[in-house]
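Novice: The lines below spell out each chain.
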Amino acid sequence: MDHWLRNKTAIVGVGYTPMVRKSEKSLAAVAMDAALAAIADAGLTTKDIDGYSGTPKAPNASAMHADGVDEISERYMASALGLTNLRWATDVNRGVVADGIVAGIQSLVTGTANYVLCMRAMYDRPGVRYASTDQGVFGGPDQYTAPYGVGIGAISLWLTRYMHDYGATREDLFEVVGTLREHAQLNEYAYWRGKPLTLDDYMSARFVYEPMCLYDYDIPVTGAGAVVLTTADRARALPHRPAYVAGFANTRAPGDAIFDLSGIGRDAVQAAQLYDGFSPVVWKWLEALGFCGEGEAHAFARGGRIKLGGELPVTTFGGSQGEGRLHGMGHVREGAMQVMGRAGERQVPGLENCLVALGFDSVPGWVLMLSTG
Amino acid sequence: MADQLKQRPVPISDAESQPYWDAAAEHVLKLPYCESCKRFMFPPRPACPACLDSTVTWTELSGKGTLHSFAVMHDSYVTGFDPPFLIAQIELAEQPGLRLTTNLVDCAPKDAVIGMSVSVIFEERADGITVPQFRPTGVAT
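As you go down the protein sequences, you meet chains H and D in turn. Position one of the first sequence corresponds to residue 55 (the working numbering), numbered consecutively onward. Position one of the second sequence corresponds to residue 45 (the working numbering), numbered consecutively onward.
These aren't lab readings, by the way, just hints derived from the structure by calculation. Just so you know, even glycine gets a beta-carbon here, dropped at the ideal spot from N, CA and C. Each statement offered as a hint is correct.
Some chain H residues judged to face chain D by a derived CB distance under 10 Å, without partners named:
hint, residue
1, 115
2, 187
3, 189
4, 193
5, 201
6, 203
7, 207
8, 208
9, 211
10, 262
11, 263
12, 267
Okay, chain D solo, but in the shape it has when bound (with noise of 0.2 Å):
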C-alpha cells in the first residue's frame, strides 16, 4: 500500500496554491478567506473574486462537510489507484457551494449516500506531500 501510495500522482504547486499544499502537510486544511466578503474561496485566486480585494486570509476550516456527490471510479487514467474507488464531491461545513474534488476512502461505493457526513482526513504521497482526503464521519479507522 505504501508503495503505491508513492506513484499516484502528486501536485505541483503554484504561488496560489502553495499556502493549500504547505497547510496540507502539515495535516491542516486551509483556503483564503476574504474578510471583506466573509467568504471562502476555492481554488484560489490572487484576489477576492466578488471585491477584487487581495488582502486574502489563509484560514484553517474544521475538516468537515457532507457529501455533494459522488462517482466510482473503475478505470485507470493515472497509476498508482486500484479500481474501483470513490471520487467525491464534499462540500465543506463552512460555506454552502464551497466544494472540493477529492477522494472519499473508508467508505464502500455502495455505502456512499449522498448528504453523508465526512472528515478531512490527508495522505502522504511521495516526497513529503500530502493530499487533504475525505471519510465518513464517525468510522473507525
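Isolated chain H, as found in the complex (with noise of 0.2 Å):
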C-alpha cells in the first residue's frame, strides 16, 4: 500500500463556540466567532486564508435556507470576515461536515490552496419547532415515508430488528448514551455539561420513536465550529503541535480502507470520534470498523470499555448527544485537541492516533486518521 497521502496535511488550529439552544446572536455572528478563533488558534490572520470550505445545509424540516441566518454560505462568510485572498472555496451540502473537511484536504495536496479554513454553523431559530413540518405533499424518496408519519430517525427500524437479532437491550444502548453524557461533563463547549443522566432518567424519559427515547437523539443548538488545515511544511511553522492527516477513507470503501490507507492498523487506534447523531450509529460505526463483529458491538460497549480510561475511548467529548449537534465538526475538533494534547480532562495518555468517523448511512461520509506523525 501506498502512503503517499500520509501526514502531508494537519489541522492547526480551532476555533468553536458555546453550544446553546435559542441564541440571542445571528447564526453570522456565532460563525465568525468560530471561525476568527480558529484561525486565531492557527497563528494565523483573516489575510493567510487562501482557502475555504463550508457545510451550510440546515437539515430539519423547518428551515428556511436562507444565507446568513439559518445557513451561511462561503460567499457570505468571505465577505463578512473580509476574507480578500481566498483562490479556492466551495460549499458542500450533505449536512455531515466530512465532505467539507475532505474537500479542504484535497485542495492542500493539490496545491489549489495553503491555508483553509472549514466551517459548520447551525441554527435553531427561535419561536420554531426545529423537526416538524406542516408541509403537505412530499416528493422523491420522501414520498415513500413521509405519508406514513415517518420523522426523524428512522435507524429505530434498525434498532428494534437488531435487539430482536442479537438480545440487545435498552439498557446497553445506555452505555452508549451514559458514556456520551458523562464525557460531556468534562467539554466546556457541551450543552448538558453540569447535567449528568442516570440508567433512571434514561429508562424514564419519553419515547419519540421507541424503543428510542429522547436521549438517543443528539441535541439541536445554535454553534459554530471551524478549523484551520494547512500542508505538512507549513503546519511545523505555527504554534501547536499539528494534528496530522494520517489518511481518509469514504464510507463506501470496505471496512478495513482507513486501516490500509493510513498504515495505522486497528490496535493503534488509541480513541475513535464516532458519529453520534443518533445512539444506535455508534454500534454501527464500531461494527463497521472491525472493532467487534457484526451484532457484537451491544456486548462490546458495556463495562466501560467505550469510556475515558476504557480499552477504546468513544467520542470523548461527548458527542453530537452531549455537546450539541455541529454534524461531526466537534467530531473533528475533539481529534485534533487528542492529538495535539491539548484536550485537557479528557486527554488520553500517550495518545498518537485518533480515528475520527463522519456521518453514517443514510448521510455517507468519511473516517479520518489523525496522528502525531
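Please dock the two separately framed chains into a single complex, following the hints provided.
Specialist: Structure (C-alpha cells):
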C-alpha cells in the first residue's frame, strides 16, 4: 500500500462557540466567532486564509434555508470576514462536515490552497419547532415515507430488528448514551455539561420513536465550529503540535480501507470519535470499523470499554448528544485536540492516533485518521 | 377520522413512481419487475439496477408479507397523525429483502411481533390519493 497521502496535511487550529438551544446572536455572528477563533488559534490572520470549505445545509424540516439566517455560505463568510486572499472556496451540501474536511485536504495536496478554513454553523431558530413541518405533499424519497408519519430517526427500525436478532437491550444502549453524557461533563462547550444522566433518567424518558427515547437523539443547538488545515511543511512553523491527517476513506470503501490507507492498524487507534447523531450509530460504527463483529457492538460497549480510561475511548467530548449537534465538527475538533495533546481533562494519555468517523448510512461520510505523525 | 386522513401528507409522484401510485389508487400493489433478472425493485428506478435493462414490467404483487421490523412513533413530525402509531418495514412475500416502509394498522404497538404475517390495505387520502398500508393477516376489520 502506497501511503503517499500520509501526514501531508494537518489540522493546526480550532475554534468553537458554546452550544446553546436558542441564541440572541445571529448564526452569522456565531460563525464569525468560531472562524476567527480557529484562525487565531492557528497563529494566522484572515489574510493568510486562501481556502474555504463550508457545510451550510440546514437539514431540519422547519429550515428557511436563508443565507446568514439559518445557513451560511462561503460567499457570506468571505464577505463578512474580509477573506480577500481566497483562491479556492466551496460549499458542500450533505450536512455532515466530512465532505468539507476532505475537500479541504484535497485542495491542500493539489496545491490549490495553502491555508484552508473549514466551517460548520447550525441555528435553532427561536419560536419554531426544529424538526416539524406542516408541509402536506412530499416528493423524491420522502414520497415513500412521509405519508406514513415517518419522522427523524428511521434508524429506530434498524434498532428494533437489531435488538430482536442479537438480544441487545435499552440498558445496553445506555452504555453509549451514558458514556457520551459522562464525557460531556468534561467539555467546556457541551450543552449538557453539569447535567449528568442516570440509567433511571434514561429508562423513564419519553419515547420519541420507540425503542428510541429523547436521549437517543442528538440535540439541536445554535453554535459554530471551525478548523484550519494546512500542509505539513507550513504546519511545523505554527504554534501547536499539528494533528496530521494520516489518511481518509469514504464510507463506500471496505471496512479496512482507513487502516490500510493510513498505515495505522486498528490496534494502534487509541481513541475513536464516532458519529452519534442517534445513539445506535455508535454501535454501527464499532461494527463497520471492525472493532467488533456484526451483532456484537452492544456487548463490546458494556462495562466501560468505550469510556475514557477504557480500552477504546469513544467520542471523548460527549458527541453531538452530549455537546450539541454540529454534524461532526465537534468530532473533528476533539480528534485534533487529542492528537495535539490539548484535550485537558479528557486527554487520552500518550495518544498518537485518533480515528474520526463522520456520518452514517443515510448520510454517507468519511473516516479520518489523525496522528502525531 | 375521515377529516384526519385528509390532513395526512400525500406523495407527489414522478416519472418513476407514477405507476406505483396509479396502481395504489386502484387498490393494487404493483412494483417494477425485471424479466431477465426475475427480480422486483423498490424504489422504482429508470432501469433494473442489476442489468440496467429499462424494459421493466409493472407487476401486481400478492400484498402478503411479514413484519421485518417496526417502531412506535410517539411524536408528530407531520400533520394528521394521532400518536402513538406504528411504522413498519414489511418484507414482501415475493422476494427476500424486498421491503416497504409503511404503517402497520389494526394492531396495537404491544401486539406487533417481528415475523408476523401481514396483508396490504389501502388508505384514502386527500385528492383521491391512496397509500398502501399493512395489517395483521386474518384480523377482523
